[in-house]
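Chemist: Listed below, chain by chain, are the residues.
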Amino acid sequence: SQTIHQWPATLVQPVGSPLSLECTVEGTSNPNLYWYRQAAGRGLQLLFYSVGIGQISSEVPQNLSASRPQDRQFILSSKKLLLSDSGFYLCAWSVVGTGRGEQYFGPGTRLTVT
Amino acid sequence: TQLLEQSPQFLSIQEGENLTVYCNSSSVFSSLQWYRQEPGEGPVLLVTVVTGGEVKKLKRLTFQFGDARKDSSLHITAAQTGDTGLYLCAGGWGKLQFGAGTQVVVTP
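In order, the protein sequence lines correspond to chains R and F. Quick note on our numbering: the first sequence kicks off at 28 and runs consecutively. Quick note on our numbering: the second sequence kicks off at 17 and runs consecutively.
The reader is advised that the hints may include incorrect statements.
Chain F is nowhere near these chain R residues, computed Cβ spacing over 10 angstroms in every case [said to hold, decoys possible]:
id : residue
1  : G43
2  : R99
3  : T139
Non-contacting residues of chain R with respect to chain F, defined by C-beta distances greater than 12 angstroms in every case (computed) [what the hints assert, rightly or not]:
id : residue
4  : I31
5  : T37
6  : Q40
7  : P45
8  : E49
9  : T51
10 : N59
11 : L73
12 : G81
13 : Q89
14 : P96
15 : I102
16 : S104
17 : K106
18 : D112
19 : Q130
Partial chain F-side listing against chain R, Cβ under 8 angstroms, derived [what the hints assert, rightly or not]:
id : residue
20 : Y38
21 : S47
22 : Q49
23 : L102
24 : K111
25 : L112
26 : A116
No lab work stands behind these hints: they were computed from the structure. Ideal Cβ placement from N, Cα and C applies to all residues, glycine included.
Make a model of the complete structure from these sequences and hints.
Modeler: See the structure below:
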């Protein structure tokens, strides 16, 4: 069966510090991978998605970047955090080519920028 | 951009009551998913509907896809406290469009 991991679960970082959030997927090959940010109790904003190693599409211009160094690893980074980067970050994966659009989410990382 | 509007934004009911959550769009979707999210956790996929007019049942939850594939509804019969959560609809393929969610609170 497939599983998706995110770490850390929670993070408190000062403004101006760097960020690295990691997501890994097990039990599947060549998945599509996604990073979302969620405001408290609301819907999801797509930040980045990837269809393969080294292939990253950015949806929202911002202070963040993403990388996919391995097939099942997706990393969200920032060189200098802003207060507005606080939020709940979710990684998700989907199977390529099913046509059904289903995505499967990790447990999330709660980021607080102080 | 295909937009999904969910209503109501918030719903508070007592255990045993029924509830319906709506997801509407002006665009046609090839498929639509419903997710439930509990505080501090990632959304969990409940169902995918792909055919206009389709009705799917998951225990006390009934999902319907509109005939024109522009809208969907989620009906919960005899709600339980375990049904509390944020219900999200999402449509599309690849890059999903998510609704803003309906927060459901079921009290004993």
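Chemist: Each hint: holds or not?
Modeler: Hints, verified against the model:
{"no.": "1", "hint": "G43", "result": "holds (27 angstroms)"}
{"no.": "2", "hint": "R99", "result": "holds (17 angstroms)"}
{"no.": "3", "hint": "T139", "result": "holds (13 angstroms)"}
{"no.": "4", "hint": "I31", "result": "violated (8 angstroms)"}
{"no.": "5", "hint": "T37", "result": "violated (9 angstroms)"}
{"no.": "6", "hint": "Q40", "result": "holds (18 angstroms)"}
{"no.": "7", "hint": "P45", "result": "holds (24 angstroms)"}
{"no.": "8", "hint": "E49", "result": "holds (15 angstroms)"}
{"no.": "9", "hint": "T51", "result": "holds (14 angstroms)"}
{"no.": "10", "hint": "N59", "result": "violated (7 angstroms)"}
{"no.": "11", "hint": "L73", "result": "violated (6 angstroms)"}
{"no.": "12", "hint": "G81", "result": "holds (18 angstroms)"}
{"no.": "13", "hint": "Q89", "result": "holds (17 angstroms)"}
{"no.": "14", "hint": "P96", "result": "holds (22 angstroms)"}
{"no.": "15", "hint": "I102", "result": "holds (17 angstroms)"}
{"no.": "16", "hint": "S104", "result": "holds (20 angstroms)"}
{"no.": "17", "hint": "K106", "result": "holds (26 angstroms)"}
{"no.": "18", "hint": "D112", "result": "holds (19 angstroms)"}
{"no.": "19", "hint": "Q130", "result": "violated (6 angstroms)"}
{"no.": "20", "hint": "Y38", "result": "violated (15 angstroms)"}
{"no.": "21", "hint": "S47", "result": "holds (5 angstroms)"}
{"no.": "22", "hint": "Q49", "result": "holds (6 angstroms)"}
{"no.": "23", "hint": "L102", "result": "holds (6 angstroms)"}
{"no.": "24", "hint": "K111", "result": "holds (6 angstroms)"}
{"no.": "25", "hint": "L112", "result": "holds (6 angstroms)"}
{"no.": "26", "hint": "A116", "result": "holds (4 angstroms)"}
When held up to the earlier numbered hints, the structure conflicts with 4, 5, 10, 11, 19, 20 and fits the remainder.
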